[in-house]
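Chains as they are written, first to last, in the working numbering: chain E, 1 to 284; chain B, 1 to 284; chain G, 1 to 284; chain A, 1 to 284.
To be clear, the hints were calculated from the coordinates, so they are not data collected in a lab. Don't take every hint at face value.
Stated by the list, open to error - Covered stretches of chain B, as calculated for chain E (at least 3 residues, CB under 8 Å):
{"no.": "1", "region": "40 to 48"}
{"no.": "2", "region": "51 to 63"}
{"no.": "3", "region": "186 to 193"}
{"no.": "4", "region": "226 to 238"}
{"no.": "5", "region": "254 to 263"}
For glycine and all other residues, C-beta sits at the position ideal for the given N, C-alpha and C.
Number of protein chains: 4
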Amino acid sequence: MKIAFIGTGNMGAPMARNLLLAGHAVAVYNRTREKAEALAAEGARVASSPQEAARDAEVTISMLANDAAVERATSGLPSETIHMGMSTISVELARRLAAGKYISAPVLGRPDAAAARKLWIMAAGPAALLEHCRPLMEALGRGISVIGDEPWKANMVKLGANFTLASMLETLGESFALMRKAGVPIEKFLEIINSLFQSPVYANYGKIIAEEKYEPAGFAMRLGLKDVNLALAAAGAEGVAMPAASLLHDHYLAAVALGRGDRDWSALAQFLAENAGLRTVRGA
Amino acid sequence: MKIAFIGTGNMGAPMARNLLLAGHAVAVYNRTREKAEALAAEGARVASSPQEAARDAEVTISMLANDAAVERATSGLPSETIHMGMSTISVELARRLAAGKYISAPVLGRPDAAAARKLWIMAAGPAALLEHCRPLMEALGRGISVIGDEPWKANMVKLGANFTLASMLETLGESFALMRKAGVPIEKFLEIINSLFQSPVYANYGKIIAEEKYEPAGFAMRLGLKDVNLALAAAGAEGVAMPAASLLHDHYLAAVALGRGDRDWSALAQFLAENAGLRTVRGA
Amino acid sequence: MKIAFIGTGNMGAPMARNLLLAGHAVAVYNRTREKAEALAAEGARVASSPQEAARDAEVTISMLANDAAVERATSGLPSETIHMGMSTISVELARRLAAGKYISAPVLGRPDAAAARKLWIMAAGPAALLEHCRPLMEALGRGISVIGDEPWKANMVKLGANFTLASMLETLGESFALMRKAGVPIEKFLEIINSLFQSPVYANYGKIIAEEKYEPAGFAMRLGLKDVNLALAAAGAEGVAMPAASLLHDHYLAAVALGRGDRDWSALAQFLAENAGLRTVRGA
Amino acid sequence: MKIAFIGTGNMGAPMARNLLLAGHAVAVYNRTREKAEALAAEGARVASSPQEAARDAEVTISMLANDAAVERATSGLPSETIHMGMSTISVELARRLAAGKYISAPVLGRPDAAAARKLWIMAAGPAALLEHCRPLMEALGRGISVIGDEPWKANMVKLGANFTLASMLETLGESFALMRKAGVPIEKFLEIINSLFQSPVYANYGKIIAEEKYEPAGFAMRLGLKDVNLALAAAGAEGVAMPAASLLHDHYLAAVALGRGDRDWSALAQFLAENAGLRTVRGA
């Protein structure tokens, strides 16, 4: 298939690579052109604008940082191309994009999962478009959940999922701060958490927090703040109070204001530890 | 071994049974005597007071509802018996009990896990006492984590673990309320949560919340409130702010005030759904 | 002076009347035309559009419900007219309006204060424009605080002031719920609050909450929610966490979701009383 | 009247002095004896124990730091003496003290108000005892509110009043942080707050926060934390969720953990400013 891939950053680059490996013809565009050019050696055509990339593409995939970037990049796309939005964007933008040939297909997984074709994809949109794009999704992930025929519902699910992750980080951060200040061996507490949840996500983040390895960021605090804000905006529009999300908003906002916006979003635990008067490894 | 088992309720009865099955001589006591007598057919000696149960016991196990019950039942125990406290009690009481021959060994698991010998035990206390009691713990659970030589640290870990569970319930409750109000199919969202966490605990509680089956309670709201309060008390004594725990306190307190104290503690999700203006299956 | 007055609702109508009484020539516009026509008997010219009202006005005053209404009404104003924005709008919109001849002059006070010329006005914008509009402000209020030369700062102050009021309502609501549930005579508690704060605002709202007279609304819940959201948006843009504002967001959102959006915003106290399991006068 | 006065600290000393000035015979006791001896020159008899002070006293007044101090000092009082408890203690202790000849009479006001006889007294207990003690209260304050015949209700009201003050501090702290970070002149915002509330309490604390004069403390953070905790305990016992009080608990706990327990409780504003990334005058 002829594909345009807009946004070849940490997530987008390995995804575009997997499409190339699956035999698709991929034109890539990235605002910082070097990041796109790195894919030329693997067979990508490097375009100088999103519109040029999408010129004769059956499907245009966007994988960008936020609403503004998606709006900027996808205005003026040819009307024939199917836009498959994989970025984490607002429910409100997804509703507007649905005026065109559009499906939402946001993903769960960090860059290493993108490289290993282990993303999980939440897809929603008109059935015919979803079917058309299915081979692409299969080239990118380990599983697809079809949420329904309204694209924005996939984005709502994605925001809900990210909220559950952020909330887990808050929870681990608070309980680890308590254990550390009380002098309980952290590795013992982590052993119990792992025995209790038996979840690779808890194991992974529990280890990061126990070892205080918040840099380099797998997913940065400022993106965590952005996603919590998108969840709160969606919840506000639906009339649903989410007090734990409000708490996350307050904490991420403060941590970013304190200059930690580029650390991993699990550094929420560091913010909480410092509020307990603990000296942290890479402290304030 | 000669064992006294104080408190043969939902959790204690199957635990005492497992000790009998492992060949120990068990004297049982329960305030509501009938619950103890149910174990006589399986070989237990039914005692008329905790002290009488513990008369010639090497180890006295307490498995009771709260601090007051443990204090009442274990004052006046013979000084030779080792007290193995398995209830979820305050850190502060555990500190005081350590004046005697005492180990803390609280457990993770609901009554079905107790029956199936699948509890996970967090044990702490003097090494010699722990070793002495190890065969008993092995007869009760699928694993033992030794937290250290100060009994209260096991209680701290237990309170921390229960906090992480309660916080997960809040998180699921808020996100399910959002999905339901937005018209996102709940089973789709649950599918994503399960794909993301790959945790039996999320799967189990996610199902309960999706189906709104809050009765009969596996673990009642009012006990959830009690445990969150114990965590907050422990955190307050250590000087650790736990805002998510405060949030749980507020919500459990309100839900109990609204008359739902006997529902499963996952009915937090129901409280949150109602606050979103949703009509719930077994609503207000 | 020749004045255009856009928005003659609960607040705008008495304000326009005071300008007429002060001898100004006032053209009025309101989307629901009848509300504007009520002012014709007092000498106002009734216009059929904001632009027609502003045709030859030295100053155009807007007093509307929200950002969208202000944007709609004031796009296409003649470039000569000074726009004096008195609505409670976002900081972000105020920044954009400053591209034209614009001052912000939001007010403190409810409709009765507007009628009695007892509003307090927070004004900001270029000094020359402020001076030009000063006679109008003097005809409308009991005092003027000049915040500076950037219009949006007056809006920031207004949002901060409304936040302090909403927070007072939460505080009174929680403490009144405690007193009522504990059986402490409410009038005694109110006596203490009045003795402590010696503030007409506490006295006024304390009385409303003690008597549970939430209808008709002086200022509706849904407007309270709107203003708290504007404060949170402004704080988020500045990188300032406001946990009490987040709490207010959660509570107002829930109360509106529960169908109380049209009650007075002090009915927050009712929401809190119900969460305590209290039966309220005009309950759920 | 023959009076025993237990606890001659910052508050107690000027109160005892006012009783001497009113012509009463006052025996004083303080754990740090020097503080009691300072009153000898003004006619007080210095006792070496609370019991000795109360030996032949009609009324024994306690004005101490917390529950433990009151329990310690007032156990073993002669049964004839009326105990007038003026400290801020728990509702639960007040309930227990009511087993004896006891009235609660906690006060509103800081040490300067105590010196100037400007305290406001909340009194509750059996009517005959209240009447007996009325002349003493009149010698100490500018007004008395009789709450009822159950002593603990006066303590409940006192805890509720302190909560409203602490909540005001949080509110001012958050809004001042926003204004400072946004570059809005603080004195302008304070002018609006004063115009809005017209309350000496807002004016006083607003000035402290605007000038960041948190030392010396009029009322220390650690006492603020204590009082918020007493309010939460009382509310928990009644089944009343107080989310704003939970927020205060979290913030005071963190501020004390960060080493600011001895600053004025209005330094909550400093904690909030720092969380906004602001550099404060006497910062971290």
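Evaluated hints:
no.: 1; hint: 40 to 48; in the structure: violated (count 0)
no.: 2; hint: 51 to 63; in the structure: violated (count 0)
no.: 3; hint: 186 to 193; in the structure: holds (count 5)
no.: 4; hint: 226 to 238; in the structure: holds (count 4)
no.: 5; hint: 254 to 263; in the structure: violated (count 0)
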